[in-house]
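Chemist: Residues per chain, in single letters:
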Amino acid sequence: MAKYKMHLLVCGGTGCHASESESLLSHLKAIVTDKGLENEVQVIATGCFGFCEKGPIVKIMPDNTFYTQVTPADALEIIEEHVIKGRKINRLLYIDPENKVHIADSKHMGFYKKQIRIALRNCGFIDPENIDEYISRDGYEALAKSLTEMTPQQVIEIMKKSGLRGRGGGGFPTGLKWEITSKSVADVKYVVCNADEGDPGAFMDRSILEGDPHSVIEAMVICGYCIGASNGLVYIRAEYPLAIDRLKTAIAQARNYGLLGDDILGTGFAFDIELRYGAGAFVCGEETALIHSMEGLRGEPTMKPPFPSVSGYYGKPTNVNNVETFANVPVIINKGADWFASIGTEKSKGTKVFALAGKINNVGLIEVPMGTTLREVIYEIGGGIKDGKKFKAVQTGGPSGGCLTEKHLDSPIDYDNLIAAGSMMGSGGMIVLDEDDCMVSIAKFYLDFTVEESCGKCSPCRIGNKRLYEILDKLTKGNGTREDIDKLRNLSHVIKDTSLCGLGQTSPNPVLSTIDNFWEEYIEHVTDKKCRSGQCKALLQYVIDPDNCVGCTACARNCPVNAIAGERKGIHVIDQSTCIKCGACLEKCKFNAVFIK
Amino acid sequence: MADLRKIKDDLRVKMSLRENSNNPESLVQIKVAMATCGIASGAKQVMDFFIEELEKRNIQAVVTQTGCMGYCFAEPTVEITLPGQSPVVYGYVDTKKADDIIEKYIKNGELVEGIIPVNYETIENNKEEK
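Chains W and F, in that order, give the protein sequences.
Heads up, our numbering is the position in the first sequence plus 3, with the first residue counted as 1.
Heads up, our numbering is the position in the second sequence plus 55, with the first residue counted as 1.
Bear in mind the hints are in silico, worked out from the structure with no lab data behind them.
The structure presented is a predicted model; accordingly, all values stated were derived computationally and were not measured.
A virtual CB, placed ideally from N, CA and C, is assigned to each residue, including glycine.
Fair warning: there could be bad hints in the mix.
Said to hold, decoys possible - DMTMM-like, lysine to aspartate or glutamate: derived pairs with alpha carbons at most 25 Å apart: (1) K162(F) - E43(W); (2) K152(F) - E43(W); (3) K99(F) - D135(W); (4) K410(W) - D390(W); (5) K8(W) - E107(F); (6) K499(W) - D476(W); (7) K151(F) - D476(W); (8) K91(W) - E165(F); (9) K103(W) - E176(F); (10) K162(F) - D66(W); (11) K57(W) - E176(F); (12) K99(F) - D390(W); (13) K38(W) - E168(F); (14) K8(W) - E165(F).
Claimed, not checked - Stretch-level coverage of chain W by chain F, calculated; a stretch enters the list once three of its residues show a Cβ under 8 Å from a Cβ in chain F: (15) 118–130; (16) 366–373; (17) 394–402; (18) 454–467.
Please model the entire structure based on the sequences and the hints provided.
Modeler: In structure tokens form, the structure reads like this:
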């Protein structure tokens, strides 16, 4: 039986594959067999290390050596020098870009510090349905520390000093919010957790609730202690059944352990949590609409002020925070404000969880310090664009955000930079777009969403967004004019300036940012009636190249609307007025005679 | 205050009891990512498979569920910790792959294709350095 002493891990990700990792793998395997080491050394292909820039990567276990840019020609040296003689090959080690030192042990590589998991610390690590596992990872210690060793004001000071800002998108300082609510005088106050995650493509809150529900519960109790509330409510979408299930289990366990209830940890402090289900309306992520929805009213926003911290749920002071914001709280109290503030940028502290989606290789959840660049997120952590296509843009902030383009790739991600770039942090969805995506259609997609989700209370949002959508639709159908683009821009500004709540104030952002960043594409749609990505079907023309057409009649026979005319063995022609652009002719032609113009 | 300490101590005792009695260090530990993304890709079947097959094949192991590991592109994902070794995460685990993992990795320590390298830092690591 084989008993391996050493493992050689060769990256088999798409990026490394392109740079000959496969041949490297077979070389290594052959040499190992050749030297009679096949029972001691195992060579194996792995998934992407996310370090594609320096591929192919070879990692040697158990000593954690990390070789970069290894060519098939290096295989023999690795086996002879490293595996047999135990000498590391300096030339292939990763060089620290800052101090130019060769790094032998991958644990010391800066690359691994690209991601640091604070809010996701327990996600994928503990059993979310077992409170003991949470406790064994310092769970509820922050609560015990707050209740027994600190006054509410001291806890608030820590939160303020940490610089934590709301992770739901707005970026309001959490400590300050707690302080304002704590100063409101009332007999009853509420702590609300906003788990109404609505941005298309965003799923970080769901994952936290599914993977680590206790961290949110603990933080809510701490918040209750700080602001003087004994009631907690979680507003969660009914379409998150697993998250609801896990949260319920966690709440029951916490009650059982005396961590929720009338006398928490024997301190006399009382706090309990209930769930409220949302029906999945996007506007209910807005805090005033959320509160109305919980009261059993229509989910419509109201004017601020009064802010919920003064008059919220049933007119009582209410502190609303997002799931991810809460998940950060226990760590900040355990490890201190200074530790948290040491991560991130000047005005945005800590980390942010992003849900990577779209045309990217490693779709998933990542957590990076604020200030990480888009390039690092997309190319190093995300593994680059799918199928080796060209990056076009990344959409952040959902329907309220905008598109960032190539020129933004190297600017650090934080609240203020994203706003300066015409987008916003939002809840953290990142949808990556490649050259095959049409920016006018993207703007139309988001407007379609906003039109559906607008609550209809104020006219700029209800009517204005509908008109924006109609103009965009006109553009994608090839009926747009130059004036339409100006109209889009003007109307967008009116909607932004006059809408009641955040939904309407931000809904034109996808339009404005695509106009700003992809002006030529809009112009092409209206003047040349062309869509460079081929997404706008109405703007395509299927044409037969007379040089290649042999007159086989395959296209004409397969055309569902009989738009193709031509004699057998003669050149065929597509009648553009009848053509429905289904693409059947292109598919059937064996002579590459049909093409898209 | 005294009460709190008592509860805390109780918990600690309970935790250590749980850890010692199971003695997780000497057992194979298997964590299956069971968030929506994982379950949608079949993590439940994979977890059941591990539980049933390990028992049938007489291998002492602890199989638990956990949340999303973040590698949604490669679901279902499973983390395996062999006694005394660092954890290894496998992606795209179906029951066939799970069978491979049991036969090759768990029994022989032989790695199976489909490893997802860890590319993040935990708060514990971060603490040690500071």
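Chemist: Holds or violated: are the alpha carbons of K151(F) and D476(W) at most 25 Å from each other?
Modeler: violated, 48 Å
Chemist: Are the Cα positions of K99(F) and D390(W) separated by 25 Å at most?
Modeler: Violated, because 30 Å separates the two Cα atoms, which is more than 25 Å.
Chemist: Is the listed coverage of the segment 394–402 of chain W by chain F valid when you require three or more residues with a beta carbon under 8 Å from a beta carbon of that chain?
Modeler: violated (count 0)
Chemist: Would the pair K162(F) and E43(W) pass a check requiring their Cα atoms to be no farther apart than 25 Å?
Modeler: holds, 16 Å
Chemist: Measure nothing beyond the straight line between the CA atoms of K38(W) and E168(F); if it is 25 Å or shorter, mark the hint as holding.
Modeler: Holds: K38(W) and E168(F) sit about 23 Å apart, inside 25 Å.
Chemist: Are the Cα positions of K8(W) and E107(F) separated by 25 Å at most?
Modeler: With Cα atoms ~30 Å apart, K8(W) and E107(F) exceed 25 Å; violated.
Chemist: If you look at each residue in the segment 118–130 of chain W, do at least three have a Cβ nearer than 8 Å to any Cβ of chain F?
Modeler: Since 12 is at least three, the answer is holds.
Chemist: Is the Cα-Cα distance between K103(W) and E176(F) 25 Å or less?
Modeler: Since the Cα atoms of K103(W) and E176(F) sit roughly 22 Å apart, the hinted pair holds (cutoff 25 Å).
Chemist: Need the status of pair K152(F), E43(W): alpha-carbon distance at most 25 Å?
Modeler: holds, 23 Å
Chemist: Holds or violated: K99(F) and D135(W), Cα atoms, limit 25 Å.
Modeler: holds, 22 Å
Chemist: Using a Cβ cutoff of 8 Å, are there at least 3 residues of the segment 366–373 of chain W near chain F, or does the coverage claim fail?
Modeler: holds (count 5)
Chemist: Going straight from one Cα to the other, do K8(W) and E165(F) come out at no more than 25 Å?
Modeler: holds, 10 Å
Hint compliance for this structure: hints 5, 7, 12, 17, 18 are not met, and every other hint is.
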